[in-house]
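On the provided structure of chain A, position chains B, C, D, E, F and G as indicated by the hints.
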Amino acid sequence: MQGQSQQQAYDRGITIFSPDGRLYQVEYAREAVKRGTASVGLRTPDGVVLAANRRVSSPLMERSSVEKIHKADDHVGVASAGHVADARQLVDLARRRAQGEQLRYGQQIGVETLTRSITDHIQEYTQTGGARPFGVALLVGGIEDGEPKLFETDPSGTDYEWQAAAIGGNRDVIQGYLEDNYHDELDVDGGIELAVSALSEPEDEVVAAEEVDVATITTDDETFSSVSVDRLESIIEEIDQEEMDE
Amino acid sequence: MQGQSQQQAYDRGITIFSPDGRLYQVEYAREAVKRGTASVGLRTPDGVVLAANRRVSSPLMERSSVEKIHKADDHVGVASAGHVADARQLVDLARRRAQGEQLRYGQQIGVETLTRSITDHIQEYTQTGGARPFGVALLVGGIEDGEPKLFETDPSGTDYEWQAAAIGGNRDVIQGYLEDNYHDELDVDGGIELAVSALSEPEDEVVAAEEVDVATITTDDETFSSVSVDRLESIIEEIDQEEMDE
Amino acid sequence: MQGQSQQQAYDRGITIFSPDGRLYQVEYAREAVKRGTASVGLRTPDGVVLAANRRVSSPLMERSSVEKIHKADDHVGVASAGHVADARQLVDLARRRAQGEQLRYGQQIGVETLTRSITDHIQEYTQTGGARPFGVALLVGGIEDGEPKLFETDPSGTDYEWQAAAIGGNRDVIQGYLEDNYHDELDVDGGIELAVSALSEPEDEVVAAEEVDVATITTDDETFSSVSVDRLESIIEEIDQEEMDE
Amino acid sequence: MQGQSQQQAYDRGITIFSPDGRLYQVEYAREAVKRGTASVGLRTPDGVVLAANRRVSSPLMERSSVEKIHKADDHVGVASAGHVADARQLVDLARRRAQGEQLRYGQQIGVETLTRSITDHIQEYTQTGGARPFGVALLVGGIEDGEPKLFETDPSGTDYEWQAAAIGGNRDVIQGYLEDNYHDELDVDGGIELAVSALSEPEDEVVAAEEVDVATITTDDETFSSVSVDRLESIIEEIDQEEMDE
Amino acid sequence: MQGQSQQQAYDRGITIFSPDGRLYQVEYAREAVKRGTASVGLRTPDGVVLAANRRVSSPLMERSSVEKIHKADDHVGVASAGHVADARQLVDLARRRAQGEQLRYGQQIGVETLTRSITDHIQEYTQTGGARPFGVALLVGGIEDGEPKLFETDPSGTDYEWQAAAIGGNRDVIQGYLEDNYHDELDVDGGIELAVSALSEPEDEVVAAEEVDVATITTDDETFSSVSVDRLESIIEEIDQEEMDE
Amino acid sequence: MQGQSQQQAYDRGITIFSPDGRLYQVEYAREAVKRGTASVGLRTPDGVVLAANRRVSSPLMERSSVEKIHKADDHVGVASAGHVADARQLVDLARRRAQGEQLRYGQQIGVETLTRSITDHIQEYTQTGGARPFGVALLVGGIEDGEPKLFETDPSGTDYEWQAAAIGGNRDVIQGYLEDNYHDELDVDGGIELAVSALSEPEDEVVAAEEVDVATITTDDETFSSVSVDRLESIIEEIDQEEMDE
Amino acid sequence: MQGQSQQQAYDRGITIFSPDGRLYQVEYAREAVKRGTASVGLRTPDGVVLAANRRVSSPLMERSSVEKIHKADDHVGVASAGHVADARQLVDLARRRAQGEQLRYGQQIGVETLTRSITDHIQEYTQTGGARPFGVALLVGGIEDGEPKLFETDPSGTDYEWQAAAIGGNRDVIQGYLEDNYHDELDVDGGIELAVSALSEPEDEVVAAEEVDVATITTDDETFSSVSVDRLESIIEEIDQEEMDE
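Protein chains in written order, with full-length UniProt numbering: chain A, 1 to 246; chain B, 1 to 246; chain C, 1 to 246; chain D, 1 to 246; chain E, 1 to 246; chain F, 1 to 246; chain G, 1 to 246.
Incorrect hints may have been included.
[Unchecked claim] Think about it this way: if two alpha-carbon atoms lie no more than 30 Å apart in a straight line, the pair counts; the simulated DSS-like pairs of lysine-lysine are:
#, chain 1, residue 1, chain 2, residue 2
1, F, K71, A, K34
2, C, K34, B, K34
3, E, K71, E, K34
4, D, K34, C, K34
5, F, K71, F, K34
6, G, K71, G, K34
7, B, K71, B, K34
8, D, K71, D, K34
9, E, K34, G, K34
10, E, K71, D, K34
11, F, K34, G, K34
12, C, K34, C, K71
13, A, K34, B, K71
14, A, K34, A, K71
Hint data in this document are derived by calculation from the structure and do not stem from the laboratory.
Here chain A stands alone, though its shape is the one from the complex:
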């Protein structure tokens, strides 16, 4: 409804509404998220799966240093999409909060409580002047009271709870794939397969095992653990097999 020249007038100060009630800087921060590679999260009755694409710009770069999946606490993991350095700030905040809970109350922080402490921090950067919003979205997954939980944080400081969600580049395609293929009977193993397939969806072929970073937190041990390349390779083989079978 706004012409282009009018829009320009309201999108340069973060602490300002446009006449139709929008915060353009927050919407542009969402574009920064879309510029990042995708991450996917989903929960099954027996755990949470987080998966992310890790592209490297040179064969000499250590793939492990392209961190998209982060351990926030023993029982919580975080997948990110968007501005890498911003993501690190939020992950560090999450870790400090989780440790603080442990120190003060001797207990693990709840996944929802942890997510809220992140989104409160994000919201502050969208209202108070002197700083830009965070150009990053997160998927926060973990076990709370024995139940798998998965939340998303967006650059406006809103949080959403999901069964399965995608963030970052090609979000729409990947989320559509998740909506078509997610079902209640999935277990963690099936979830890993679904997550990898979903990340492969925008491209023509299945991702290579070393191009993807996957972690799980199961209700069994409530412990964040990375999925090994070996396990990923056999899962990807299975996907390839299934595709050929179709």
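The following block gives chains B, C, D, E, F and G in isolation, referenced to the frame of chain A:
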């Protein structure tokens, strides 16, 4: 009375009046409220009803995470419309104030006192530089001295007391429906029915039970409690029946 | 003397004079006052009368929540016109000052002293950067040393003492009516009648009893008290009678 | 020497010189002084006279509330012209300084010392950012070491000592009248007459007694005292008589 | 080398260099100095002479209140040119520094040390944002270790030591006169004559005794003392005589 | 996708996203890195090699003062490219962090931990207003738990881990050379040769020994040590020999 | 590569990069250095020589007050070029640092350490908002561990070590002369001669002894000492002689 190009000159700084005495940023924040889905509140002699639409953008999103109705204290609930992350800040503020009252004076905070502490906070963001106004409206409902009370807060920091009020998208249509159908003999059960009907008004058909979030605080137990989906389904059935009867 | 395009150059920063020595933001704040509904105050030998229009935008709104007349201390009332949330800040300030005087010196604050503490606060917002002026005018009325006193505060931080004054929308018409009809022999009862008639002046007919909020502070008990709707109704009846008699 | 469009470039920031070394905001504050009604001060061997026009915008306004002559201390008075609320800030500052001197050293503050503390405060507002200059000029008159003293403060923070001076609207006309009619043999009574005549000069007829506010501080009692309306009336009668005699 | 429109781009913020390395605000502050009346200082083997024009805008103004020569300490005087209120701030700073030295070390502050503390303060206002430069130049003269010393401070915060110097309006003409007529055999009496002649140079005739303010600090008593009008009159008579003799 | 005039609108404030989600000031800081001479880092099983071009603008400049390789701790070195003074700030920060770790925990700081503390500092300068980003990239190399480690920090506050990396001018050419010639069997000696060859790649001939600064940290002694000019000369001789052999 | 109108967009805020990675305000500060008269520094095996042009604008100005060579500590001198008042701030900083070292550790500060503390201070003014860069370059020379050392600081906060260097106006010409004539066998006496000749290079004739300020710090006594005018005169005579001999 102001042409468009002149208006542009006064709506970019929040701490500035236009020549005709308006604060444009506050008015734009009201637009942000209208961009949100609607919430409704009403009071009856035996309690307060808060109801909100909860739309989800994907079937994989947990409907419960689209929080529009919040418990502020045992005896007070808050329904919001507009910028979700802003609403959370104000709800958190309300909770801290309510707890503070409990801790310092050993008593429940009055609903009006609580509302005022919120609107004072909102007003500050409309006068002092370096921050934008809150892009959210709230309905604050609860029991005070045995009486049901319902207040609205708007982005200017003004509060209003209501018998029945709507905020957010399609406010005018819904408020008109409330004005036509609200009457003094309603009890909480009738109030729930009215609230759900009002939220259904802008669309052609009655909302589904899971698309609506309803809570009540009755004079009986002075306790915030969510209305179960089962109860909502039977209420909606009744509404459908009545409409067919007409 | 200034053309329109030149004016625009000086009215966007509050801490700036125009070449002809004006503070535009303060003048625009006066426009915000005019956008509000009118309030009237007057004093008689036996007391002070404060009266205000209270319009509601919906029949479901609690008229009592449209607060235009505020009790600042036992012996002082305040009527406001303009930005409602701004008014509340100044009324709260007045209450804190009155309480502080009571606590520190064990005595009631003088009406003039109280007014000055408000206008000092207002002035600060017209000179120091980072905030806009207050978009509200107040009528501060009360008993000081046994004498009825009535002051006005304006958005520049100036105070005036009045026998009878109007603020807000249609100020000129109402003030003219007061100048024509105010006389020294009025008592509080006559003052209420005059105030209600004055508020009715801009419209064709006398206001309804519930559309007006009236309070008095008499020299007898030096206590702020609201005038009941019953008493207002009989007064309005009398006005109608007199008009018909003319 | 500067064209109009160039001038505009340098007059919007208070902390900025124009290419020809001027501070436009200070010059515009001087225009704010000229927009106010005039005040006059003069000294005679036996005292100081301060006089000011007090115009009221409505017959219901208390003339006494249009304060142009202020008592700063027992032995010092201040007459102001310009922005009323700004003047009150400076008068309050003067009072606090006078009281501080009394409390700390048990003695009356010197008139020059007091004036300097005011102009230091004014200067600060012309150099440091974040605030506009004071839009007011003051005449500070009193007795110091038994001698009558009269100083002016201007919006740049400069002070001048005078035998007789006018500030505010029509300053040039009134100052010219003072220069023509002031002489060394005047006593306080003659000074009051001269001050009232001077204030009457810009209009065709002598001001009415109630339209003028006059105060004196004599060397006899070194005490600020207002001149009664009765005394003013007989003085004005005398002036009328003299004019008719001419 | 810079065209006019380009210059405008760099002269509005004080903390900014132009492409050719200039600080325009400092240069404009120098223009403010030139707008003031001139002051002159010189030193002779037996003392320092400071002299200043004092013009008054009305015969009713006390000439003594146009202060251009200030006593900074017993043994140091300051002559100023430019923005009067700015000069007072720097003179007050000088006095506090001199007193501080006396209090802390029980000794008179050196003239150069005192000058440096002034120029350090001035420099700060040319580099740090939020304030404009000081629009004033000073001549600081006094006795240090038995030797007469004379320094100039300029708006950039630079100090220069002089045998004889002029600041303010017509500086070039007066400085040229000093260069032509200053010589090593001058004593304080001759210095006063030279200073008065130099100040008279831009006009056609010798200044009147009451239009000039002269002070000396001699090596004899190391004490700032004003030159009496009588002594000035006889000096000026002598100058007139000499001119007629030529 | 953005036209030039639109781009200009978003690249002047560091705390602002462009409509397509980019932070232009960070991208321009990357240009500042490219304006610097190149640095190269690589790791081999037995150590880390850091190498940098050091050009001097005059034969009288001490080549050693063009510092591009810095010792951060006994076991960590840093190579920089870009704004020299910015690099020094980050290297100083690294040293303080390393010392702090030593003091508090009595152990050497990990290379990754150290890198993160640098990138956290860099990130802060890209989000909070009032400062520009750091115009420098670093290669941080050292031994951690007996293993050689090499990280890069970029102006966005992102860190990458590398086997071999180039930063600064001609990065693309040099990185391409590294990708073609780096292999797993390299030892530190071979690494020095590769680094020097890579730095020589953009020019037609091999750099002179004194134009290059090389340091190593080996797993043997975990100690930062500069490579002597003699050793460099023999290495360069060897390179020349090899090239001729080809 | 940038057109003129584009350049203008990036050179007004100090904390901002241009699209090609430049900091214009720092480059303009370098222009401010070029506007100053030149200074020269060089080191020989037996000491450091600092020399500067001192031009005076009037024969009445004390040449000694045009300070270009400053003693920072017993064993360190500083020569400056550019904005004089800025230089004084940096020299004062250097003195405080040197004294602090002496007080805390009882030892002389190293010349490089001292230089770094200056350049760290300069760098801060190029990155953090609210202040402009320092418009001055320094040559810092002294004895460290018995060795003569010479450093340059530039407005970006970079430091360079030199055998011989020129800063300020005509730098290129003078530096070229130094490069042609500096050699390893120079001693301090020869160094003084070379420095004076270099400063004379841009003009047609050798500078006069009183127009140049020269200081040395020798390894013998490690003490800053000014070269007397007598010694300078005999040196200049020698130069003249040599030139004539050629």
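Hints and how they fare:
no.	hint	result
1	F/K71 / A/K34	39 Å, violated
2	C/K34 / B/K34	27 Å, holds
3	E/K71 / E/K34	23 Å, holds
4	D/K34 / C/K34	27 Å, holds
5	F/K71 / F/K34	23 Å, holds
6	G/K71 / G/K34	23 Å, holds
7	B/K71 / B/K34	23 Å, holds
8	D/K71 / D/K34	23 Å, holds
9	E/K34 / G/K34	27 Å, holds
10	E/K71 / D/K34	34 Å, violated
11	F/K34 / G/K34	27 Å, holds
12	C/K34 / C/K71	23 Å, holds
13	A/K34 / B/K71	34 Å, violated
14	A/K34 / A/K71	23 Å, holds
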